[in-house]
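J.: One letter stands for each residue in the lines below.
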Amino acid sequence: MANELFENQLNVNRRHFLGKLSLGLGSVALGSLLIPGLFTRPEDETLATLGLPHFAPKAKRVIYLFQNGAPSQLESFDYKPLLNKMHGTDLPESIRQGQRLTGMTSGQSKFPLVGSYFKFQQYGKSGAWVSELFPQIASIADELCFIKTMHTEAINHDPALTFMQTGAQQGNRPSMGAWLSYGLGSENKNLPAYCVLLSRGRGNGQGVYSRLWTNGFLDSIHQGVQFSNSEEAVLYLNNPAGSDKTSRRKMLDNLAELNSMSYEQFGDPEIQTRIQQYEMAYRMQTAVPELTDLSKESDHIVKMYGPECLIPGTYAANCLLARKLSESGVRFVQLYHQGWDQHGNLTGEMPLQAQDVDRASAALIRDLKQRGLLDETLVIWGGEFGRTNYCQGDLSDKNYGRDHHPRAYTIWMAGGGIKKGITYGETDEFGYNVVKNPVHVNDFHATVLNVLGLDHEKLTYKHLGRRYRLTDVAGKVVNDLIA
Amino acid sequence: MKRVNRILANATWASVVLLTFLLFVEHRIHVPVWLQAFGRMHPLLLHLPIGLLLITTLLVFVQKQFNGKGFEQLIPFLLHLTAITASLSALMGMFLSREGGYDELDLQLHKWFGVATSYLTAAVLAINTNGRFFRPVLAIGAVVLIAAGHFGSVLTHGDAFVLAPFQEANAKTSAGPDAPVFEAVVQPIFDRKCTSCHNETKAKGKLILTSYEHIIKGGKSGALWNDTGQNSLLVKRIHLPLTDKKHMPPKDKPQLTPEELDFLSQWIAQGADAKKKLSDYAETDSLKLIASKLIASNQQSTQHTATYHFDFVSTDMIQALNNPYRAVFQIAQNEPALHVDFFVRQAFDKKNLAELSSVQEQVVSLNLSKMPVTDADLALLKGFKNLETLNLNQTDIAGAGLTELQSLGHLQSLSLSGTKITRSAIDAIKALKSLKKVFIWNTGITSAEAEELKKQYPEITWELGYEIDHREMLKLSAPLLISENVVQAGEKIRLKSSMPGTTIRYTTDGTEPDSLTAAVYTDGIAAISYQTVKAIAVKQGWRKSEVATFVIFQSGLKPSRAELKSLPDRQYPGEGVATFTNNKKGSPEFFNDPVWIAWRDRTLEAVFWFDDMPEMHSVTLSYAESTYAMTWAPARWEIWGGEDEAHLKLLQRGTPSHPTALGISNVKGIELTFPPVRYKCYKLIAEPLNKQPAFRKTKEKGWLMVDEIFFN
Chain A
0 MANELFENQL
10 NVNRRHFLGK
20 LSLGLGSVAL
30 GSLLIPGLFT
40 RPEDETLATL
50 GLPHFAPKAK
60 RVIYLFQNGA
70 PSQLESFDYK
80 PLLNKMHGTD
90 LPESIRQGQR
100 LTGMTSGQSK
110 FPLVGSYFKF
120 QQYGKSGAWV
130 SELFPQIASI
140 ADELCFIKTM
150 HTEAINHDPA
160 LTFMQTGAQQ
170 GNRPSMGAWL
180 SYGLGSENKN
190 LPAYCVLLSR
200 GRGNGQGVYS
210 RLWTNGFLDS
220 IHQGVQFSNS
230 EEAVLYLNNP
240 AGSDKTSRRK
250 MLDNLAELNS
260 MSYEQFGDPE
270 IQTRIQQYEM
280 AYRMQTAVPE
290 LTDLSKESDH
300 IVKMYGPECL
310 IPGTYAANCL
320 LARKLSESGV
330 RFVQLYHQGW
340 DQHGNLTGEM
350 PLQAQDVDRA
360 SAALIRDLKQ
370 RGLLDETLVI
380 WGGEFGRTNY
390 CQGDLSDKNY
400 GRDHHPRAYT
410 IWMAGGGIKK
420 GITYGETDEF
430 GYNVVKNPVH
440 VNDFHATVLN
450 VLGLDHEKLT
460 YKHLGRRYRL
470 TDVAGKVVND
480 LIA
Chain B
0 MKRVNRILAN
10 ATWASVVLLT
20 FLLFVEHRIH
30 VPVWLQAFGR
40 MHPLLLHLPI
50 GLLLITTLLV
60 FVQKQFNGKG
70 FEQLIPFLLH
80 LTAITASLSA
90 LMGMFLSREG
100 GYDELDLQLH
110 KWFGVATSYL
120 TAAVLAINTN
130 GRFFRPVLAI
140 GAVVLIAAGH
150 FGSVLTHGDA
160 FVLAPFQEAN
170 AKTSAGPDAP
180 VFEAVVQPIF
190 DRKCTSCHNE
200 TKAKGKLILT
210 SYEHIIKGGK
220 SGALWNDTGQ
230 NSLLVKRIHL
240 PLTDKKHMPP
250 KDKPQLTPEE
260 LDFLSQWIAQ
270 GADAKKKLSD
280 YAETDSLKLI
290 ASKLIASNQQ
300 STQHTATYHF
310 DFVSTDMIQA
320 LNNPYRAVFQ
330 IAQNEPALHV
340 DFFVRQAFDK
350 KNLAELSSVQ
360 EQVVSLNLSK
370 MPVTDADLAL
380 LKGFKNLETL
390 NLNQTDIAGA
400 GLTELQSLGH
410 LQSLSLSGTK
420 ITRSAIDAIK
430 ALKSLKKVFI
440 WNTGITSAEA
450 EELKKQYPEI
460 TWELGYEIDH
470 REMLKLSAPL
480 LISENVVQAG
490 EKIRLKSSMP
500 GTTIRYTTDG
510 TEPDSLTAAV
520 YTDGIAAISY
530 QTVKAIAVKQ
540 GWRKSEVATF
550 VIFQSGLKPS
560 RAELKSLPDR
570 QYPGEGVATF
580 TNNKKGSPEF
590 FNDPVWIAWR
600 DRTLEAVFWF
610 DDMPEMHSVT
620 LSYAESTYAM
630 TWAPARWEIW
640 GGEDEAHLKL
650 LQRGTPSHPT
660 ALGISNVKGI
670 ELTFPPVRYK
680 CYKLIAEPLN
690 KQPAFRKTKE
700 KGWLMVDEIF
710 FN
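Sequences listed follow chains A and B, in order. The first sequence lines up with residues 0 to 482 when you count with numbering that gives the first Met the number 0. The second sequence lines up with residues 0 to 711 when you count with numbering that gives the first Met the number 0.
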């Protein structure tokens, strides 16, 4: 045996080695012919495909009515009569199963269940349950798709809000609107593709901050443009007193020339962005005043949205403005309405909040519908997480509070590409856990992108050595929601 | 022979290397057509290594029976042939598998056993034929080969092919000659979603769904259903979650729609009667309802998956058509269809529309809303024969031009909201056979006429818009303050209501204004040093607004300089003494704002100099009252005046009242008035509320938060 091995080693000489090596390499070379584009530099496929949906979209635009602070699902759309029956009794451990609490209730020795103070009723052919706080939304229930099983990973406002908007809890990632602007491009070059409208409610509020509409690592042209709450919706848009359109044009031309020179010198793509932004701002001088002029709205519209729609900076006015922006081809209109954080005094604050948003939210859907725009616009209504089924603080007959609950909450969607008059998913009788068809925030993002004709796995941007997505490394399209 | 063996050895080496390489890059391979043909010869070639390896193994084990001279060389020769054919078969198999349509698990098993066979036969060549490893390795090779062959046959013939005749004997029943529901609904569902894999030639899982006879036989897991309608295998499989491996159809294939799912489950639950006709079911039977829906949708399904088959427009052409006021873009990367938008009414020119004629075949969606398009201009749209969605909202058309649209045979949605269109013009759309939705909100068409239209064209959805309830009385929004809440002396307080035609009524004495007697606001309210204005808006046909309360301060006299005589609290230093007189008002929610300056343990003491000694009769302190944040009006406060700091005398003192229950946070004012004086130096002293009201149940000291002090 040793002898054989020795002989074998003698046979494997340099000639033998080189011969076999070249033959092997030849084989590999032959095999490589089957791999197309092996020796060409891999083109960044994402760049080539930008600005157009991957497949035929069902909706062209999004209006996101963000209810900031997390409205209680248990007083709005997730009807849980068992909670009323068990009012005041402790949340069974079999339901909570040691789930984490926020710092605000972790000190509580008891977790008394609390049923909704407001009555529920079924509406429409779909039989959707809606509380008495939202009579107008209830009346359009057959247009809506309720998702009762949204769940998120964060338990506090800032990370949850950031997660909902950017797909990551830490910030610095592009937000949904920025991704859409990046993936679909702008439809109307006279307006930003991504607009942000803020309003304050009358309940306990939580902050909103510009990183929620950031472009993150994307080109800054995709950043959300925040509209002001004042009479002048876009600040500093008008020409200064004494300066006319011609001189403004001349100034911009000269400025663009200087900027181009600077671009040639430094090659910073942000300079190009800046030139484009100046041009867009110039065109916005014509487009914006027409949009934000509320004085010409007919009585019909004012009655639909409610009289607040004539006061800039209210939720109703923002809904009306959102419709106008969307009608003018703005891809993503993001509203935030603050004041939904009812840790205490829920029965006092929630009716005020509901009053602020109910009529205007429903009016937006109706208004889009009567213009034929609902078929191509996706409207989303919801917060960043839900609220607990047990009481925070003192429980009295007439008042109570609810803490943050990330494990299940309700949002609704309506419009292009989404099934009408359905309720998706189910929570348990306690409204605590999801029992059927959970929808994670990543799944929600994947679904929204899908409706807009984008494959969430293909919409990527290479940054710091890896490709990022809105859904990061997760997310499944919920096909059951898509019409 | 030696030379032949050497050549064969090289060929074996080359093919094994090639196979190894391709295994590593399998996912990136693109198989050209001619190689597909090569791959399809896999079932032919694979029999060679099988035969060769088996005969070689046999020969090795019966070696002693031979003593021919060439035998020593024959074995390597055969092994070389085996190795080459084995790796070639494996390569072909790999190409064939790229065509898809095989059961993933069986395919993987077959692949790796096949690859193992070719490696083992190659490995056996490197072993001396007389060594002690030779025979065992050869035997293992033969066993692996048999396993590879077995899984290969499962792929093509299905499981238990050989034994099937024994099982089939008693499963022969024939379906009725006509089985309407089955034929009208069930079979079409199978044809759409199942038979691409479950047909006579492919028969995945030994299940064939192309005809009733085959269907009732079931597959390798058994029958699809039984007579009781319970525990049907088919119903179970189609309801498994998508992620389950046994879910059917497989997750990357088209899925059953909810209706199809419903129908199959109900039909099987009712016993899967293949003979029952649609008319045999009761009118209210949900099965019948779903069936009719499905039959209808079968007929329409061609439009539902609207993929466009006309030519793509070049990107250059699209680029050329785009400008800031006209957006032209493909609806998706894989669709040649175009969407066109027009923006900015002032920039519109008829020419812009006419220029689209070069892409008129491709435009499926056109948005002209708000453009000054007239009836005559609609003639420009004649050639857009693939147009599906046309938005003419708020254009200048009156209806006469609708006749120009008659050639748009694919038009599905027409938006006319906000135009002057009338009932008589509408009939022009009669020719549009594909039309499904027409939007006629806010047009010349009355609701009675719309009802008539609905009857006349039942296949079209007429959207008349949301009708407001005129009896419903909505509450007006409260008046707004448009002047600042600090007004300069002589300036008026100005209010506004956003709704045209409303009247504002107000009071300044703290009482609630009513809608009949309270003062009517006209062009401003005269300011005094400090006052609370309460206002409501009223209008015919609307409910009066809630009361808006504004606290207005008047900033009269400016001190020449000022000085703090006691330090503010370290947490809220504000901007020092300047905080008092910078006219910056704070919000009661954000005390970290340096417009606020606060005292708690010490008493506020500040001195103000007025060098030109103006006449003064009042001082107003603006402070925050928040029962939650524990900030209150001072317990007591005083204003002193004199020539200088050493010669001051008390002008006025006050002991403000404090809330007695929790309430909302507010910025409030308190005023001390005194007979007019002219001094150079004034001193203000205010003591924080050390003992908070009893309802607060705390021993902590209260805060005094001040944002401004006004002299008048």
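Bear in mind the hints are in silico, worked out from the structure with no lab data behind them. Remember, predicted model here, so these are calculated numbers, not experimental data. Where hints are given, some of them may not hold.
To be verified - Now the stretches of chain A that chain B is said to cover, found in silico as 3 or more residues with beta-carbon under 8 angstroms:
| # | segment |
| --- | --- |
| 1 | 249-260 |
| 2 | 339-353 |
| 3 | 384-393 |
| 4 | 459-472 |
Unchecked claim - DSBU-like, lysine-lysine: derived pairs with alpha carbons at most 30 angstroms apart:
| # | chain 1 | residue 1 | chain 2 | residue 2 |
| --- | --- | --- | --- | --- |
| 5 | B | 538 | A | 323 |
| 6 | B | 287 | B | 350 |
| 7 | B | 453 | B | 381 |
| 8 | B | 474 | B | 533 |
| 9 | B | 454 | A | 124 |
| 10 | A | 323 | B | 584 |
| 11 | B | 453 | B | 350 |
| 12 | B | 700 | B | 583 |
| 13 | B | 292 | A | 124 |
| 14 | B | 583 | A | 419 |
| 15 | A | 295 | B | 543 |
| 16 | B | 538 | A | 419 |
| 17 | B | 235 | A | 397 |
| 18 | B | 495 | B | 350 |
| 19 | B | 538 | A | 57 |
| 20 | A | 124 | B | 584 |
| 21 | A | 418 | B | 700 |
| 22 | B | 584 | A | 418 |
| 23 | B | 381 | B | 292 |
| 24 | A | 249 | B | 533 |
Stated by the list, open to error - Below, a sample of chain B positions facing chain A; criterion: calculated Cβ distance under 8 angstroms:
| # | residue |
| --- | --- |
| 25 | 70 |
| 26 | 73 |
| 27 | 368 |
| 28 | 438 |
| 29 | 440 |
| 30 | 464 |
C-beta atoms are modelled at their ideal positions from N, C-alpha and C, and glycine is treated no differently.
J.: Determine for every hint whether it applies to the structure shown.
T.: Here is what the structure says about each hint:
Coverage of the segment 249-260 of chain A by chain B is violated in this model, with 0 residues showing a Cβ closer than 8 angstroms to a Cβ of that chain against a need of three. Restraint check on the segment 339-353 of chain A versus chain B: 0 residues with Cβ-Cβ distances below 8 angstroms, three needed, restraint violated. By the rule of at least three residues with a Cβ nearer than 8 angstroms to a Cβ of chain B, the coverage given for the segment 384-393 of chain A is violated, with 0 such residues. Counting residues of the segment 459-472 of chain A whose C-beta lies closer than 8 angstroms to any C-beta of chain B gives 0; at least three are required, and the coverage claim is violated.
A hinted pair counts as satisfied when its Cα atoms are at most 30 angstroms apart, and residue 538 of chain B with residue 323 of chain A qualifies at roughly 27 angstroms. Between residue 287 of chain B and residue 350 of chain B the CA atoms are separated by roughly 55 angstroms; this puts the pair beyond 30 angstroms, and the hint is violated. Between residue 453 of chain B and residue 381 of chain B the CA atoms are separated by roughly 26 angstroms; this keeps the pair inside 30 angstroms, and the hint holds. Restraint check: the Cα-Cα separation between residue 474 of chain B and residue 533 of chain B comes to about 17 angstroms, which is no more than 30 angstroms; the hinted pair holds.
Taken as a hint, the residue 454 of chain B and residue 124 of chain A pair is honoured in the structure, with Cα atoms around 22 angstroms apart against an allowance of 30 angstroms. Taken as a hint, the residue 323 of chain A and residue 584 of chain B pair is broken in the structure, with Cα atoms around 35 angstroms apart against an allowance of 30 angstroms. For the proposed pair residue 453 of chain B and residue 350 of chain B, the alpha carbon gap of about 36 angstroms is over 30 angstroms, so the pair is violated. A C-alpha spacing of about 26 angstroms is found between residue 700 of chain B and residue 583 of chain B, which places the hinted pair at or below 30 angstroms, so the restraint holds.
A hinted pair counts as satisfied when its Cα atoms are at most 30 angstroms apart, and residue 292 of chain B with residue 124 of chain A qualifies at roughly 18 angstroms. Proximity of residue 583 of chain B to residue 419 of chain A is assessed by CA-CA distance (about 51 angstroms); at most 30 angstroms being required, the pair is judged violated. Our distance criterion of 30 angstroms between C-alpha atoms is met by residue 295 of chain A and residue 543 of chain B, whose separation comes to about 22 angstroms. A hinted pair counts as satisfied when its Cα atoms are at most 30 angstroms apart, and residue 538 of chain B with residue 419 of chain A does not qualify at roughly 38 angstroms.
Taking the CA atoms of residue 235 of chain B and residue 397 of chain A, the gap is near 48 angstroms; set against the 30 angstroms cutoff, the hint is violated. For the hint pairing residue 495 of chain B with residue 350 of chain B, the CA-to-CA distance comes to about 45 angstroms; that exceeds 30 angstroms, so the pair is violated. Restraint check: the Cα-Cα separation between residue 538 of chain B and residue 57 of chain A comes to about 44 angstroms, which exceeds 30 angstroms; the hinted pair is violated. Restraint check for residue 124 of chain A and residue 584 of chain B: not satisfied, since their Cα atoms lie roughly 53 angstroms apart, outside the 30 angstroms limit.
A C-alpha spacing of about 59 angstroms is found between residue 418 of chain A and residue 700 of chain B, which places the hinted pair above 30 angstroms, so the restraint is violated. A hinted pair counts as satisfied when its Cα atoms are at most 30 angstroms apart, and residue 584 of chain B with residue 418 of chain A does not qualify at roughly 50 angstroms. A hinted pair counts as satisfied when its Cα atoms are at most 30 angstroms apart, and residue 381 of chain B with residue 292 of chain B does not qualify at roughly 35 angstroms. A distance of roughly 50 angstroms separates the Cα atoms of residue 249 of chain A and residue 533 of chain B; the hinted pair therefore is violated under the 30 angstroms criterion.
The interface hint given for residue 70 of chain B is violated, since its Cβ lies 19 angstroms from the closest Cβ of chain A, which is over the 8 angstroms cut-off. For residue 73 of chain B, the interface hint is violated, the least distance from its beta-carbon to any beta-carbon of chain A being 20 angstroms, above 8 angstroms. Hint status for residue 368 of chain B relative to chain A: holds, with the closest Cβ pair at about 7 angstroms, below 8 angstroms. Hint status for residue 438 of chain B relative to chain A: holds, with the closest Cβ pair at about 4 angstroms, below 8 angstroms.
Hint on residue 440 of chain B holds. Least Cβ distance to chain A is approximately 4 angstroms, under the 8 angstroms limit. Taking 8 angstroms as the C-beta contact cut-off toward chain A, the hint placing residue 464 of chain B at the interface holds, the least distance being around 3 angstroms.
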